[in-house]
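Chain V is fixed; fit chains W and H onto it per the hints.
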Amino acid sequence: MRDLLLAYQSLIAFVGINGLLALSVYATLSCGQLSLANAGFMAVGAYAAALLTVKAQAPFIVVLAASALAPAIIAVPLGLPVLRLRGVFLAIATIGFGEVVRLFFVNWDYTNGALGLVAIPQRTALWTIFLALALALFVLARIRGSRFGYALEAIREDETAARTMGIDTTGHKLAMFVLGAALAGLAGGLEAHFTFMVAPGGYGFGRVVEMLVQAVVGGTAAFFGPVLGAAFLTALPEVLREVGARLGFAPGPFRLFLNGAILLLVVLFLPNGLVSLAGLRRRKK
Amino acid sequence: MGQQALNGVFVGSIYALFAVGYTLVFGVLDILNLAHAAVFMLAAFSALALVADAHLPLWMALPLAVLAAGLIGLLLERLAFRPLRGRADSNISGLISSLAMATVFEAIALQLFGPDVSRFPLGTFPDRLIRVGTASASLLQLCIIGISVLLMALLTFLLARTRLGRRLRAVAESPRAARILGVNVDRTIAAAFFLSSALGGAAGVLFGLAFNSISPDVGRSVELKGLAVIILGGMGSIPGAVVAGFALGLIEVFTVARFGSSLRDAVSFAVLFVVLLARPRGLFGQAAVREA
Amino acid sequence: MTLALDGVERAFGGVRAVDGASFTLVKGEVHGLIGPNGAGKTTLLNLISGLLQPTGGKIELDGRRIDRMAPHRIAALGIARTYQNIRLFSGISAADNVVVGQHLRRRAPLWRRLLVLPSARAEENAARERARAGLARVGLEARAGERAVNLSYGEQRRVEIARALASEPRVLLLDEPTAGMNRSEAAAVAQLVREVAREGRAVLLIEHNVRLVMELCDRITVLNFGKVIARGTPAEVGKDPAVIAAYLGEGA
Numbered sequence: 001m002r003d004l005l006l007a008y009q010s011l012i013a014f015v016g017i018n019g020l021l022a023l024s025v026y027a028t029l030s031c032g033q034l035s036l037a038n039a040g041f042m043a044v045g046a047y048a049a050a051l052l053t054v055k056a057q058a059p060f061i062v063v064l065a066a067s068a069l070a071p072a073i074i075a076v077p078l079g080l081p082v083l084r085l086r087g088v089f090l091a092i093a094t095i096g097f098g099e100v101v102r103l104f105f106v107n108w109d110y111t112n113g114a115l116g117l118v119a120i121p122q123r124t125a126l127w128t129i130f131l132a133l134a135l136a137l138f139v140l141a142r143i144r145g146s147r148f149g150y151a152l153e154a155i156r157e158d159e160t161a162a163r164t165m166g167i168d169t170t171g172h173k174l175a176m177f178v179l180g181a182a183l184a185g186l187a188g189g190l191e192a193h194f195t196f197m198v199a200p201g202g203y204g205f206g207r208v209v210e211m212l213v214q215a216v217v218g219g220t221a222a223f224f225g226p227v228l229g230a231a232f233l234t235a236l237p238e239v240l241r242e243v244g245a246r247l248g249f250a251p252g253p254f255r256l257f258l259n260g261a262i263l264l265l266v267v268l269f270l271p272n273g274l275v276s277l278a279g280l281r282r283r284k285k
Numbered sequence: 001m002g003q004q005a006l007n008g009v010f011v012g013s014i015y016a017l018f019a020v021g022y023t024l025v026f027g028v029l030d031i032l033n034l035a036h037a038a039v040f041m042l043a044a045f046s047a048l049a050l051v052a053d054a055h056l057p058l059w060m061a062l063p064l065a066v067l068a069a070g071l072i073g074l075l076l077e078r079l080a081f082r083p084l085r086g087r088a089d090s091n092i093s094g095l096i097s098s099l100a101m102a103t104v105f106e107a108i109a110l111q112l113f114g115p116d117v118s119r120f121p122l123g124t125f126p127d128r129l130i131r132v133g134t135a136s137a138s139l140l141q142l143c144i145i146g147i148s149v150l151l152m153a154l155l156t157f158l159l160a161r162t163r164l165g166r167r168l169r170a171v172a173e174s175p176r177a178a179r180i181l182g183v184n185v186d187r188t189i190a191a192a193f194f195l196s197s198a199l200g201g202a203a204g205v206l207f208g209l210a211f212n213s214i215s216p217d218v219g220r221s222v223e224l225k226g227l228a229v230i231i232l233g234g235m236g237s238i239p240g241a242v243v244a245g246f247a248l249g250l251i252e253v254f255t256v257a258r259f260g261s262s263l264r265d266a267v268s269f270a271v272l273f274v275v276l277l278a279r280p281r282g283l284f285g286q287a288a289v290r291e292a
Numbered sequence: 001m002t003l004a005l006d007g008v009e010r011a012f013g014g015v016r017a018v019d020g021a022s023f024t025l026v027k028g029e030v031h032g033l034i035g036p037n038g039a040g041k042t043t044l045l046n047l048i049s050g051l052l053q054p055t056g057g058k059i060e061l062d063g064r065r066i067d068r069m070a071p072h073r074i075a076a077l078g079i080a081r082t083y084q085n086i087r088l089f090s091g092i093s094a095a096d097n098v099v100v101g102q103h104l105r106r107r108a109p110l111w112r113r114l115l116v117l118p119s120a121r122a123e124e125n126a127a128r129e130r131a132r133a134g135l136a137r138v139g140l141e142a143r144a145g146e147r148a149v150n151l152s153y154g155e156q157r158r159v160e161i162a163r164a165l166a167s168e169p170r171v172l173l174l175d176e177p178t179a180g181m182n183r184s185e186a187a188a189v190a191q192l193v194r195e196v197a198r199e200g201r202a203v204l205l206i207e208h209n210v211r212l213v214m215e216l217c218d219r220i221t222v223l224n225f226g227k228v229i230a231r232g233t234p235a236e237v238g239k240d241p242a243v244i245a246a247y248l249g250e251g252a
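If you're matching them up, the sequences are chains V, W and H in order.
Residue numbering for the first sequence follows this note's numbering, starting at 1 and increasing by one per position.
Residue numbering for the second sequence follows this note's numbering, starting at 1 and increasing by one per position.
Residue numbering for the third sequence follows this note's numbering, starting at 1 and increasing by one per position.
If we strip away everything but chain V, and leave its shape as in the complex, we get:
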């Protein structure tokens, strides 16, 4: 019985963590930028948090603050040049950044390179995760509908026109880039203290693709869409696990296959994500 509860606790925790990660990708998508840097930012946050706990025994609140701040600080000098690049070039530059971060940690002996740090005490409770998620949702909800939020939508729709309306597009994009970095870092810090470990392998290209899939499947039309996508795609493989096994699929490939297939179906047939299924539309004023 206890094992069952523990299994569900893990699932719920990951729904929350993935929700934060999906929101971090949404932060930049909301102003039309496809940034794939967030696995790298997550790694920075996770490692910063892990080091502070393991080497300095810092209080958890400090650890979490650092996990959000460290990537945020890095995001500024990275974002300034990179956000000027058009669509696919921005995507490529951010993919490159993510890989650079991963390679850095693979080669850093202080953190045991590819093996990473283990035996991190479990300081993350479910309520911590969901408090962070609630805060993130609150901030994003308040941004939507504000002067800042209107500017973001304008940038997403037509960046050139937005510029000639006096909107400092680079500044706005940078702000969301930094916010996304902070959210991803925070998720990294929370995850590290839940799974007891950090290792470079967990923060590769596959991870950021997963975040993107969840944000897109959930839908970026509403600020809570990505969380919906995260919940759906985190829970679905668990729910279908029996089905997969019966069909002869190994669990790893099955989960990957579901991710890919659902993403394809969504992009083709439901481009505004699950959020549009529920008939929800953006508030009209």
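Errors might be hidden in some of the hints.
[To be verified] Partner residues aside, some chain H positions facing chain V, computed with beta carbon under 8 angstroms: (1) 49; (2) 52; (3) 92; (4) 114; (5) 211; (6) 215.
I should point out that these hints are in silico values taken from the structure, not numbers from a laboratory.
Only a predicted model underlies this, so the values are computations on that prediction, with no experimental measurement involved.
Ideal Cβ placement from N, Cα and C applies to all residues, glycine included.
Then chains W and H, alone, in the frame of chain V:
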């Protein structure tokens, strides 16, 4: 020095072949096909399966695997790209849907072949060392260089001298104008995908033979290097991809010789960032990279 | 208020889209910019609004050079524009488009909204009210909630004008605002332009509707092949042989 140069040319020839396919689709469709690396990987596995399980000789397995890759490319285009044509955000949604297909392909490979590294059976390729000036190369390496160069030359010829090549160039220039001129745009784009995936598949088979280590994530690192190559060469430029591919191979080999192998992958990203920040359109590219 | 162009040049490779254009625009004036297709009129607007940099010459607003400034800073100095190809934010409503246009005029710090202060809510309501009023001015109050993409061509042009006016600009650049409109719609726009000029704003108007331009404009500059070929009042320009030749070549 000569040895390093030879190694650089060898590695570079595979990068160039892979990148040429990548950049071909971008040139024609203005979309980055992130499933290219998955096709690369599936082709390598196909060749492996044909040789190890179906016991076909290599000279048969190779073209069959390349053909299979081309067909997968057609499937990819039909399933993940064509339905998105005409949508306003088709570059981004195309990118995302190609990611979806890549994920599906990787899942299939994982299911069929498992996550571990597979190798070609011993004796697949004769093991012979050949002297080239002051350096020595295996017969395999020389053959790979030869095949890569041949395939790239064939593509160049096709683009410059055949009707299909003219159509491809027209669509790359402007699909709308091409359609008005009577070009069957849909079929031309499908052809571009077939060619691109066939070349990527060829690169995969050659890579598999060269390093004899095939796994479902083998495409990952090459994909990222491929990105560095097409950025350096200029998105959409075939000669750019060729030159940049060889250049990256050489840069990589010389960096490793000087600074050790841990920096090998970092080199591609260093190149990538430097190019994107200093001269985003690369060596031969023309696409508008910055915003207005 | 004076907007002055002095020998402005813009070359693309070997082609001079704008070749030594000079003219001034003063407060309260409706200034027409006409010429055959491809004469460089839209390029000139792009140069003024900062989307392009001139390859020669200079552009000054009240004596201050603006030709190397970023577009959003030029907008902040009081220059607003519409586009030949209509660049509305198509996924959002007409009212929301106009609210975005108010960006420079709103004082709405984000922290107030994050703390859910009533002052934030009050400011937003005021912004929405102003947007509605702006749409009413162009006769589109009834369509305020409609998504921009669902509006007719003429309605979209009018929303774009309302959006440009929302920033209370000193200079309004209009790129073919009556294209695709019927007679009465175009007349309404002309009336609006007169009012806007009377408010003390300067309007630079690109138009192909020559009759409208002649009736509406205080002064006209005529471009052909990127060069200014004539300048002056509608009466003077209408008689200028160079202008007639340029248009006859087009088959006006």
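Against the structure, the hints come out as follows:
1. 49: Holds. Min distance 5 angstroms.
2. 52: Violated: closest Cβ of chain V sits about 11 angstroms from residue 52 (chain H), beyond 8 angstroms.
3. 92: OK, holds: residue 92 (chain H) within 8 angstroms of chain V, min 6 angstroms.
4. 114: 5 angstroms, holds
5. 211: 29 angstroms, violated
6. 215: 28 angstroms, violated
The structure fails to meet hints 2, 5 and 6 from the earlier list, while all remaining hints are met.
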